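> Mind docking chain B on chain A? Use the hints.
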Amino acid sequence: MRRLLLSACAGATCLVAGALFAQEAPRLTGPEPFTKETPAPPMQRQVTDDVRRKRNYPDQPPLIPHAIEGYALDLNANKCLACHARKFTEQSQAPMISVTHYQDREGNTLGGVSPRRYSCLACHVPQTAAKPLVPNTFVDMDALVEREPRGR
Amino acid sequence: MAAIARAWSWFWLNPWVRTATRPPVTLSLAFLTLGGFVAGVLFWGGFNTVLEHTNTEAFCTSCHEMKTNVFEELKGTIHYANRSGVRATCPDCHVPHQWTDKIARKMQASKEVWGHLFGSIDTRDKFLDLRRHLAEHEWARMKANDSLECRNCHSAQSMDVSKQNPRAAAAHEKDLFTGQKTCIDCHKGIAHKLPNMQGVPGWQ
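Going line by line, the protein sequences match chains A and B.
Counting from 1, one number per residue, gives the positions in the first sequence under UniProt numbering.
Counting from 1, one number per residue, gives the positions in the second sequence under UniProt numbering.
Bound-form chain A, shown alone (with noise of 0.2 angstroms):
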């Protein structure tokens, strides 16, 4: 009995707190009622300045610093590659893509690029100038490592 009591409580306690953190989260789910219209946001500029971005991890996809409005990505062309391929870079002056594209998932080298990363799309994204809806809290490791005291 008394450890129903207990366990009653326990779950009580969860709950309050969970609608209590709940209030303080943003609302990502629309308006309320839910049944209520809104206009939409407004579309957000790109980010068009051709500066690449720097990498938050060593393995994160590089991100596009251009528009690529109106650009080809299907099963009949890609726009992408007519820049990124190997063979395309001298006259684009644009970053290969990598290596690691030619290659299929055991590491053989193919001759072309792999089927598996035709998609660019799937993992390089563009950027708007959008202010994100909850704050993002990332720390870069490098700036973990540099917090570190050093000769240890």
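Check the hints yourself; a few may be wrong.
To give an idea of the interface, some chain B residues facing chain A are shown, with a C-beta separation under 7 angstroms as derived from the structure [claimed, not checked]: (1) Val-161; (2) Asn-165; (3) Arg-167; (4) Gly-189; (5) Pro-195; (6) Asn-196; (7) Met-197; (8) Trp-203; (9) Gln-204.
Chain A regions said to be covered by chain B (calculated; three or more residues, Cβ under 8 angstroms) [said to hold, decoys possible]: (10) 48-55; (11) 64-73; (12) 80-90.
FYI, nobody ran anything at the bench for these hints, they're computed from the structure.
What you are looking at is a predicted structure, and each value in this text was computed from that prediction instead of being measured.
Where is the CB? At the ideal position from N, CA and C, for every residue including glycine.
Below, chain B alone, put in the same frame as chain A:
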């Protein structure tokens, strides 16, 4: 020889030809010259009106081949909707603006009427099968006339590269201003979807 002589005399003895080659008996010279002038004006006006009518987007999209395939694709592109509201219609890019070139293109386009009547691309699948072939025609035409239809609006003289992003500016300075390449060499598939680009120079 005898056959030619017979045909010759048949032609000249034909009552219509005899009437046409004899001087007028009842009509005055003034009537004939002025009448001819008025008839000429009417004919020319009518000809040009019909020609201009066939040069409108409404006319192009009156065929479902154009309306359901290429026109639908155009709607998503910058040549249909953009910040300043200036837009290109079908003939702006696909028909030369100069009169002689326009007539030449219109005569070639009579094959499109044939294609419509006999249904060469009357389904989506037929259209997709022929898309590379059709696109190659347009690329070749624009390559041959140095992308004339692009340049009707986009002139290299008026192109301010300082307003372009560095990537576009560098490419235009290197290839466009030196005349090494023409618009269509790089800007393929900007108003419609692309066919299979395998083997097209500059594409992977």
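> Hint by hint, note whether the structure agrees.
Status of the hints after comparison with the structure:
Given the 7 angstroms rule on beta carbons, the hint for Val-161(B) is violated: about 14 angstroms separates it from the nearest Cβ of chain A. Checking Asn-165(B) against chain A: minimum C-beta separation of about 6 angstroms stays under 7 angstroms; hint holds. This hint holds: Arg-167(B) has a C-beta 5 angstroms from the nearest C-beta of chain A, less than the 7 angstroms allowed. With a least beta-carbon distance of about 5 angstroms to chain A, the hint placing Gly-189(B) at the interface is held under the 7 angstroms criterion.
The restraint placing Pro-195(B) at the interface with chain A holds, with a minimum CB-CB distance near 6 angstroms, inside the 7 angstroms limit. Checking Asn-196(B) against chain A by beta carbon gives a least distance of about 5 angstroms; that is within 7 angstroms, so the hint holds. Because the beta carbon of Met-197(B) sits about 4 angstroms from the nearest beta carbon in chain A, less than 7 angstroms, this interface hint is met. Because the smallest distance between the Cβ of Trp-203(B) and any Cβ of chain A comes to about 6 angstroms, under 7 angstroms, the interface hint for this residue holds.
Given hint, Gln-204(B) at the interface with chain A, holds; its Cβ is 4 angstroms from that chain's nearest Cβ, closer than 7 angstroms. For the region 48-55 of chain A, the stated coverage by chain B is satisfied: 3 residues place a CB nearer than 8 angstroms to a CB of that chain, which reaches the threshold of 3. Counting residues of the region 64-73 of chain A whose CB falls under 8 angstroms from any CB of chain B gives 5; the rule of at least 3 is met. For the region 80-90 of chain A, the assignment as covered by chain B holds, since 5 residues bring a beta-carbon within under 8 angstroms of that chain's beta-carbons and 3 suffice.
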